[in-house]
Amino acid sequence: DVKVTQSSRYLVKRTGEKVFLECVQDMDHENMFWYRQDPGLGLRLIYFSYDVKMKEKGDIPEGYSVSREKKERFSLILESASTNQTSMYLCASSLSVRGYTFGSGTRLTVV
Amino acid sequence: AQKVTQAQTEISVVEKEDVTLDCVYETRDTTYYLFWYKQPPSGELVFLIRRNSFDEQNEISGRYSWNFQKSTSSFNFTITASQVVDSAVYFCALTPLSSGSARQLTFGSGTQLTVLP
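Quick note, the sequences are listed as chains A and B, same order.
Letter 91 of the first sequence, counting from 1, is numbered 91 in the working numbering, and no numbers are missing.
Letter 96 of the second sequence, counting from 1, is numbered 96 in the working numbering, and no numbers are missing.
Check the hints yourself; a few may be wrong.
[Said to hold, decoys possible] Once the Cα atoms are required to be at most 35 Å apart in a straight line, the calculated DSBU-like pairs of lysine-lysine come out as:
| id | chain 1 | residue 1 | chain 2 | residue 2 |
| --- | --- | --- | --- | --- |
| 1 | A | 57 | A | 18 |
| 2 | A | 55 | B | 16 |
| 3 | B | 16 | A | 13 |
| 4 | B | 3 | B | 70 |
| 5 | A | 55 | A | 71 |
| 6 | A | 53 | A | 70 |
| 7 | A | 3 | A | 55 |
| 8 | A | 70 | A | 57 |
| 9 | B | 70 | A | 18 |
| 10 | B | 16 | A | 18 |
| 11 | A | 70 | B | 38 |
| 12 | B | 3 | A | 71 |
| 13 | A | 70 | B | 3 |
| 14 | B | 3 | A | 57 |
| 15 | A | 57 | A | 71 |
| 16 | B | 70 | A | 53 |
| 17 | A | 57 | A | 13 |
| 18 | B | 16 | A | 53 |
| 19 | B | 3 | A | 53 |
| 20 | B | 16 | B | 3 |
| 21 | B | 70 | A | 57 |
| 22 | A | 55 | B | 38 |
| 23 | A | 53 | A | 13 |
| 24 | A | 18 | B | 3 |
| 25 | A | 57 | B | 16 |
| 26 | A | 55 | A | 70 |
| 27 | B | 16 | A | 71 |
| 28 | A | 55 | A | 18 |
| 29 | A | 18 | A | 70 |
| 30 | B | 38 | B | 70 |
| 31 | A | 3 | A | 57 |
| 32 | B | 70 | A | 55 |
| 33 | A | 70 | B | 70 |
| 34 | B | 3 | A | 13 |
| 35 | A | 18 | A | 53 |
| 36 | A | 3 | A | 53 |
| 37 | B | 16 | B | 70 |
| 38 | A | 13 | A | 55 |
| 39 | B | 3 | A | 55 |
Derived from the structure by calculation, the hints contain no laboratory data.
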């Protein structure tokens with residue numbers, strides 16, 4: 001069964017901390033995505049990657065960066081966490097536009 | 001740019017009632033995929049259906065059915081004889097096939113469905 005694993009289910013960090021959210025997929029998918037989910041706003045794309053070391057900005061990249069050193073792993077980095085980055089973060093992967101697989105999400109609280 | 005609108009923020013029904021979740025989309029692309037996902041309290045998005053823009057046939061899968069109408073840019077989802085386990089947030093999403101950003105999904109804001117026993 002296809003799997004996308006996010007390393008943490010819940011995370012609490014302090015303002016100003018550097019935060020790493022990790023996502024690993026076991027399907028050899030080319031494409032990986034980071035979304036942020038907020039009530040009333042649905043899921044908004046932060047960054048995506050279509051190949052190792054390749055990345056593209058999504059709709060809301062400000063305050064975030066990403067890293068994809070290996071095909072199976074896509075990391076989201078908050079350089080200096082702020083309270084307005086408190087949210088649910090969802091990782092996804094896909095081989096083509098026909099199918100996307102999502103992780104269970106990381107609920108991040110910045111205090 | 002794409003836009004997906006789910007005007008119903010929350011819907012509450014009693015078990016065994018039928019319920020329809022609305023989805024309206026905007027895109028300049030002539031070819032695209034539409035999706036519905038379910039997000040139960042566990043948080044993971046569960047794939048329900050994919051429909052491409054060439055195929056306007058309605059689809060039924062058990063208690064679920066989908067009505068795709070290209071003329072009104074709508075892709076509505078109906079649950080027949082709802083059950084408590086159907087309680088979840090439901091998202092409609094779109095991805096175009098003809099643009100450079102064809103790989104990303106644009107989501108609606110979601111509809112929280114609560115089915116009461």
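Verification of the hints:
1. Taking the CA atoms of residue 57 of chain A and residue 18 of chain A, the gap is near 20 Å; set against the 35 Å cutoff, the hint holds.
2. Distance check on the hinted pair: residue 55 of chain A and residue 16 of chain B sit about 46 Å apart at the alpha-carbon level, beyond 35 Å; violated.
3. With a CA separation close to 43 Å, the supplied pair residue 16 of chain B and residue 13 of chain A exceeds the 35 Å bound.
4. About 15 Å separates the Cα atoms of residue 3 of chain B and residue 70 of chain B, which keeps this hinted pair within 35 Å; it holds.
5. Distance check on the hinted pair: residue 55 of chain A and residue 71 of chain A sit about 12 Å apart at the alpha-carbon level, within 35 Å; holds.
6. The straight-line distance between the Cα atoms of residue 53 of chain A and residue 70 of chain A is roughly 8 Å, inside the 35 Å bound, and the hint therefore holds.
7. As the CA atoms of residue 3 of chain A and residue 55 of chain A are separated by approximately 21 Å, the hinted pair is consistent with the 35 Å bound.
8. Pair hint residue 70 of chain A plus residue 57 of chain A holds up; C-alpha atoms about 19 Å apart against a cutoff of 35 Å.
9. For the hint pairing residue 70 of chain B with residue 18 of chain A, the CA-to-CA distance comes to about 46 Å; that exceeds 35 Å, so the pair is violated.
10. Our distance criterion of 35 Å between C-alpha atoms is broken by residue 16 of chain B and residue 18 of chain A, whose separation comes to about 49 Å.
11. For a cut-off of 35 Å, the pair hint linking residue 70 of chain A to residue 38 of chain B stands: about 30 Å separates their Cα positions.
12. Under the criterion of a C-alpha separation no larger than 35 Å, the hint pairing residue 3 of chain B with residue 71 of chain A is consistent with the structure, at around 30 Å.
13. Straight-line distance between C-alpha atoms of residue 70 of chain A and residue 3 of chain B comes to about 32 Å, which keeps the hinted pair within the 35 Å bound.
14. Annotation: proposed proximity of residue 3 of chain B to residue 57 of chain A holds, straight-line Cα distance about 18 Å (limit 35 Å).
15. Taken as a hint, the residue 57 of chain A and residue 71 of chain A pair is honoured in the structure, with Cα atoms around 18 Å apart against an allowance of 35 Å.
16. As the CA atoms of residue 70 of chain B and residue 53 of chain A are separated by approximately 38 Å, the hinted pair breaks the 35 Å bound.
17. At most 35 Å may separate the alpha-carbon atoms for a hinted pair to count; residue 57 of chain A and residue 13 of chain A meet this at roughly 24 Å.
18. For the proposed pair residue 16 of chain B and residue 53 of chain A, the alpha carbon gap of about 50 Å is over 35 Å, so the pair is violated.
19. Between the alpha carbons of residue 3 of chain B and residue 53 of chain A the distance comes to roughly 29 Å, so the proposed pair stays at or under 35 Å and holds.
20. For the hint linking residue 16 of chain B to residue 3 of chain B, the alpha-carbon distance of about 32 Å falls within 35 Å, and the restraint holds.
21. For a cut-off of 35 Å, the pair hint linking residue 70 of chain B to residue 57 of chain A stands: about 30 Å separates their Cα positions.
22. As the CA atoms of residue 55 of chain A and residue 38 of chain B are separated by approximately 28 Å, the hinted pair is consistent with the 35 Å bound.
23. The suggested pairing of residue 53 of chain A with residue 13 of chain A holds, with an alpha-carbon distance near 27 Å, which does not exceed 35 Å.
24. Of the pairs offered as hints, the one joining residue 18 of chain A and residue 3 of chain B holds, with about 33 Å between alpha carbons and a cut-off of 35 Å not exceeded.
25. For a cut-off of 35 Å, the pair hint linking residue 57 of chain A to residue 16 of chain B is broken: about 44 Å separates their Cα positions.
26. Under the criterion of a C-alpha separation no larger than 35 Å, the hint pairing residue 55 of chain A with residue 70 of chain A is consistent with the structure, at around 13 Å.
27. Annotation: proposed proximity of residue 16 of chain B to residue 71 of chain A is violated, straight-line Cα distance about 45 Å (limit 35 Å).
28. This hinted pair checks out: residue 55 of chain A and residue 18 of chain A have alpha carbons roughly 20 Å apart, not beyond 35 Å.
29. Taken as a hint, the residue 18 of chain A and residue 70 of chain A pair is honoured in the structure, with Cα atoms around 21 Å apart against an allowance of 35 Å.
30. For a cut-off of 35 Å, the pair hint linking residue 38 of chain B to residue 70 of chain B stands: about 23 Å separates their Cα positions.
31. This hinted pair checks out: residue 3 of chain A and residue 57 of chain A have alpha carbons roughly 24 Å apart, not beyond 35 Å.
32. Simply put, residue 70 of chain B and residue 55 of chain A have alpha-carbon atoms about 33 Å apart, close enough for the 35 Å limit, and the pair holds.
33. Distance hint between residue 70 of chain A and residue 70 of chain B is unfulfilled; the C-alpha atoms sit about 40 Å from each other, more than 35 Å.
34. Between residue 3 of chain B and residue 13 of chain A the alpha-carbon distance is near 33 Å, which keeps this suggested pair within the 35 Å criterion.
35. A C-alpha spacing of about 21 Å is found between residue 18 of chain A and residue 53 of chain A, which places the hinted pair at or below 35 Å, so the restraint holds.
36. Between residue 3 of chain A and residue 53 of chain A the alpha-carbon distance is near 21 Å, which keeps this suggested pair within the 35 Å criterion.
37. Between residue 16 of chain B and residue 70 of chain B, the direct Cα distance comes to roughly 30 Å. Compliance with the 35 Å bound is thereby established for this hinted pair.
38. Between residue 13 of chain A and residue 55 of chain A, the direct Cα distance comes to roughly 25 Å. Compliance with the 35 Å bound is thereby established for this hinted pair.
39. Using a Cα cut-off of 35 Å, the hinted pair residue 3 of chain B and residue 55 of chain A holds, with the two alpha carbons roughly 23 Å apart.
Violated hints, in rising order: 2, 3, 9, 10, 16, 18, 25, 27 and 33; the structure is consistent with all others.
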